[in-house]
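> Given chain A's structure and the hints, the job is docking chain B onto it.
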Amino acid sequence: MRWIYKFPLRIRSLFRKKRVEEDLNEELRFHLEKLIEQNIASGMTPKEARYAALREFGGMEQLKEECRDTWGVRMISELGQDLRYGLRQLRRNPGFTTVAVLTLALGIGANTAIFSLIDAVMLRSLPVNDPSHLVVLNWSARNQMRGTINSSSFGDCNESLTDANSSGCSFPYPFFQLLHAEKGLFSGIAAFAGPAQLVLGGNGPAKMASGEIVSGDYFSTLGVKAAVGRTLGPGDDDPSAAPAVVLSYAFWQSAFGGDRSAVGRTILLNSVPFTIAGVAEQSFTNLAPGKTQDFWLTIAIAPRLNINWVSRGQSFRDWWLVILGRLKPGVTLQKAQAATALTFRNEMLHGSEPVWKASDNPGIELVPAQQGLTGLRGFFSAPLYVLMFVVGLILLIVCANVAGLLLSRAAGRQTEMAVRLAVGAGRRRIVRQLLTESVLLSLAGGALGVLFAYWGVRLIVSLVSASMLGSFPFVVVPDWRVLVFIVSICIFTGIVFGLAPAFRSARLILTPALKGSSGMFWLGGKRAGGLIHLGKSLVVVQVVLSVVVLIGAGLLVRTLRNLREVNPGFDTQNLLLFGIDPTLENYKPAQVQNFYRELQERLAAMPGVTSASYSFPALLSGSLVITGYHLDGQPDKKSVPADRLTIGTDFLSTMHIPLIGGRAFTDEDFQQAAEAASAEETAHKAAQSKTPGLGGAISPAVASPVSALVNHAFALKYFPGQNPLGMRLLEPINPDMSGKTAPQIVPRRSWVIVGIVGDTKYSNLRRAIHPTVYVPITGGGARFELRTAGNPIALIPAVRHAVELINKNLPLFRVQTQSQVIDGLLVPERVIARVSSLFGLLALLLACIGLYGLLSYETARRRPEIGIRMALGAEKNEILRMVIGQGLKLALIGVGIGLAGSFALTRFLSSLLYGVKPTDLITFIAVSLILIAVALVACYVPARRAAKVDPMVALRYE
Amino acid sequence: MSKPSDLVQGTLDLLILKTIAAEAMHGWGIAQRIRQVSGEVLQVNQGALYPALHRLEQNGWIRAKWGESDNNRRARYYSLTPAGRKYLEREEANWRRLSTAIGLVLEKV
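Going down the list, the sequences are from chains A and B.
The opening residue of the first sequence carries number 1 in our numbering; numbering runs sequentially from there.
The opening residue of the second sequence carries number 1 in our numbering; numbering runs sequentially from there.
Only chain A is shown next, with the shape it has when bound in the complex (with noise of 0.2 angstroms):
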């Protein structure tokens, strides 16, 4: 209860210091004057009463001064008059405060700005409820799996899918029903994929839209609620009931501007009708980073929607799912994590359909859904985690050099420090009041370098945006941690810049300095030789991280630079693309050739077309088939990799390719393979409808062969010495978990090469050229080429109207020219390229700035010095050379060093790098001779100013 007492005292000594003051003078007082009265009573006059009684009290102003201390507000009360103490001398020193603050605010502004982008982008916790508690199921193996297993993944999680270590974060959906049976362990267990890309009609033209496929309890385990209508449950998640969706807020405002009577409409789905059932709360946006969807739909109504990747996905052998839990309450990590893989593991090794072999011991991992969710972290975390150590550098660039200013101002204020420490102020008193200074200055910075910081961010963004033709996945707003780390970062560089200058006043030798008449030649000696060597080191400590920071970002520029003069095997240039897919309307097969054939036709046609072709995928667009064949020739069990494209009529000669050898494909050719691709159709029909015991009466037959092109590489590594043309390639057979060959239930396909063709990068632009199979396209989704003579930006209209003219429900998708996907590919490349060389010139700046400062400052101090040494002859270029060598001397110690540096550091941007080595020659010579440069005219001036000193005048002033 002593606080009933203590805090009002508290508030009244801070607030009413005055009324305090006069409380102790009038108690004081009274005592005096009785003792006093005292001492006139024992028979003293009261002249000498007096003297003896003040003699008794000691020091009247000492004994105030502890009563003060008793107080316990002395330390605020101090830092208040330090604070006003300090303003006034920022106030005083314009020109100095204005360039601290503006360093300050440059060094602050990019940390801030930097990482609001990592808090964005990796900090960010998932927007649902209590997101501790909510696993991701990780699966990993010792071995790939074995035998036919159709993946898919949509980028929600890292995976790997290596022979020696498997791991990965799709499941199959009976596993997920395993789970779900499983009562102990979640209180809430669901599952995810996609999303899948769909015809979204019924409201306005046909577009595509992005569906997430979700299981029924997927929001009651997230803990998401519906802003409007409902959210989706397990009564939707049956094949019989009324297909529903519900929208995310975000979609709901763009596409039905937040019109509340949307819930209920019905919208067609890949021409599916769909109730909207409702929409999502706000801060929901998505669950792995950086991925969108525009809404959500069940698992059992899914099929209805001719996705191939969701019709297949009800057996063990289709992995496609990501299942989601929230352990319940009392079941630690570990005990789920235990009975998951246990279930798991049985179904792996002994269930129906077996994947793995006890040697490659399958196993479960429950990784936490803020770690296990990486989306987009990836593409995006290492050339953010390069910016931050490159800002953090800055930062120390920018506490050297405004401890360099200090450090010239902390000689001008000797005199000041020199009183003070005569009066009876403490050391500690001393360094306390100039750290207090050095945190006003680095606040102020902090409060204009957040400023920087939004400019910063806006920018990355923009230019992020720019690129990827879509907003910014990430929402950049400042949040606790952000503010957090500003007010840190700003205590912490103010302490950091401030705490040597304020040392070194501490440490003053009085005499001197009181008797220092001008502040010169006092500083002569060993004390002064201290502040000129911290001096030194600052300039070098800048010079130096100056030049890993320049290094870096050369090695970032030139990176940029190899990739854009990739030479990618095709002609870039005036090629527009897009993306279109007549099988999400129900084309069949046959439908989609002629579709494509029609459409094909009239887009050569069109004025401005120099030709046009199609494509599955489109090269360089960061999609990648991979496929194994069998090569004519070997043993059976072998197959080779190889990259494979599905190409339509005229690809070769639109795309600028040049065919080797050979021929390219005819009509003949693209009629050989639908008759092949319907025929296998039939022979799969055929299949299924006989008994399964009959099945292993088929004996492996082969289709005939279709054409195919292969490009140079594969002709140089799986046919060397000798003439690809006319050999076959046959799918592999996939030996099934006894080793033993399955029994081919549909012939094999085969290929004849008929051609050889140059080669071409495939999906981006780091990727290696490996062997690549071209063959004829049957069906499925395409990407358009168009080779246009002028922009082909200014096409793009025509082409909408030549789609509609054939079918007006098709939307067309990632309409975009060459030259734009290239530059999507090459967004962290690009944005690492540019903010680093941003940052390696501030850097390059700021040591010149703290250089130029050094030597002026010193030329100053020796101006009596030069004097003398000219007086006895010396002339102007000696002490020209004298003093740029001095400045040299400093750069090329800075310089040494910070090749060392960036010698063993660059290493660690060698994932970023592409065709240069971190160790690159050139770039390490460019940045010292770049620096020496700069250096060398940061010196020029304050030694043309040493040298043009009068020595008359300069004697004359001491």
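Don't read these hints as lab results, they were simulated from the structure.
What you are looking at is a predicted structure, and each value in this text was computed from that prediction instead of being measured.
Each hint should be verified, as a subset may be incorrect.
List time: in silico DSS-like cross-link candidates among lysine-lysine, alpha-carbon distance up to 27 angstroms [stated by the list, open to error]:
{"#": "1", "chain 1": "A", "residue 1": "6", "chain 2": "B", "residue 2": "18"}
{"#": "2", "chain 1": "A", "residue 1": "889", "chain 2": "A", "residue 2": "948"}
{"#": "3", "chain 1": "A", "residue 1": "357", "chain 2": "A", "residue 2": "638"}
{"#": "4", "chain 1": "A", "residue 1": "17", "chain 2": "B", "residue 2": "65"}
{"#": "5", "chain 1": "A", "residue 1": "948", "chain 2": "A", "residue 2": "876"}
{"#": "6", "chain 1": "B", "residue 1": "108", "chain 2": "B", "residue 2": "18"}
{"#": "7", "chain 1": "A", "residue 1": "6", "chain 2": "A", "residue 2": "18"}
{"#": "8", "chain 1": "B", "residue 1": "65", "chain 2": "A", "residue 2": "6"}
{"#": "9", "chain 1": "A", "residue 1": "64", "chain 2": "A", "residue 2": "6"}
{"#": "10", "chain 1": "B", "residue 1": "65", "chain 2": "A", "residue 2": "64"}
{"#": "11", "chain 1": "A", "residue 1": "717", "chain 2": "A", "residue 2": "761"}
{"#": "12", "chain 1": "A", "residue 1": "876", "chain 2": "A", "residue 2": "889"}
{"#": "13", "chain 1": "B", "residue 1": "18", "chain 2": "A", "residue 2": "64"}
{"#": "14", "chain 1": "A", "residue 1": "761", "chain 2": "A", "residue 2": "588"}
{"#": "15", "chain 1": "A", "residue 1": "207", "chain 2": "A", "residue 2": "183"}
{"#": "16", "chain 1": "A", "residue 1": "638", "chain 2": "A", "residue 2": "717"}
{"#": "17", "chain 1": "A", "residue 1": "948", "chain 2": "A", "residue 2": "588"}
{"#": "18", "chain 1": "A", "residue 1": "588", "chain 2": "A", "residue 2": "207"}
{"#": "19", "chain 1": "A", "residue 1": "18", "chain 2": "B", "residue 2": "65"}
{"#": "20", "chain 1": "B", "residue 1": "86", "chain 2": "A", "residue 2": "6"}
{"#": "21", "chain 1": "A", "residue 1": "917", "chain 2": "A", "residue 2": "536"}
Positioned in the frame of chain A, the structure of chain B alone reads:
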């Protein structure tokens, strides 16, 4: 000032608390009382008295009120708070135990 008044800090606190336990007193009065009661042995230094009073007040053991002194002069009167009273009891007991212990050592060793 004579040596005995340079008391250990805790001791001065104890004396002050004990002195004002019966009635509120001002600083001068406290110094006088301690001197009288101790038979002029303990002289309280003014330089130590006031910081001690202020510290005790800030700790919430005692509280101060302005009151009338002789000749209508204003003086600051200190009295114990309930917490201070408890604190005094505890400190007094401690002191007794300590002095007894020291006494024992002095007698027997």
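> Next step is simple, just say for each hint if it's right about the structure.
Hint check results:
1. 6/A / 18/B: Status holds; Cα separation ~21 angstroms.
2. 889/A / 948/A: 22 angstroms, holds
3. 357/A / 638/A: 21 angstroms, holds
4. 17/A / 65/B: 17 angstroms, holds
5. 948/A / 876/A: It holds: about 7 angstroms lies between the C-alpha atoms, which stays within 27 angstroms.
6. 108/B / 18/B: Answer violated: residue 108/B to residue 18/B is near 30 angstroms, above 27 angstroms.
7. 6/A / 18/A: 19 angstroms, holds
8. 65/B / 6/A: With Cα atoms ~15 angstroms apart, residue 65/B and residue 6/A stay inside 27 angstroms; holds.
9. 64/A / 6/A: Cα-Cα ~20 angstroms, so holds.
10. 65/B / 64/A: Answer holds: residue 65/B to residue 64/A is near 19 angstroms, not above 27 angstroms.
11. 717/A / 761/A: 16 angstroms, holds
12. 876/A / 889/A: 20 angstroms, holds
13. 18/B / 64/A: Distance ~25 angstroms between residue 18/B and residue 64/A Cα, so the pair holds.
14. 761/A / 588/A: Not OK: residue 761/A and residue 588/A at ~32 angstroms, beyond 27 angstroms, violated.
15. 207/A / 183/A: 42 angstroms, violated
16. 638/A / 717/A: 15 angstroms, holds
17. 948/A / 588/A: Violated, at about 89 angstroms.
18. 588/A / 207/A: 21 angstroms, holds
19. 18/A / 65/B: Given that 27 angstroms is the threshold and the Cα spacing comes to 18 angstroms, the pair holds.
20. 86/B / 6/A: Cα-Cα ~16 angstroms, so holds.
21. 917/A / 536/A: 33 angstroms, violated
When the structure is compared with the earlier hints, violations turn up for hints 6, 14, 15, 17 and 21 and for no others.
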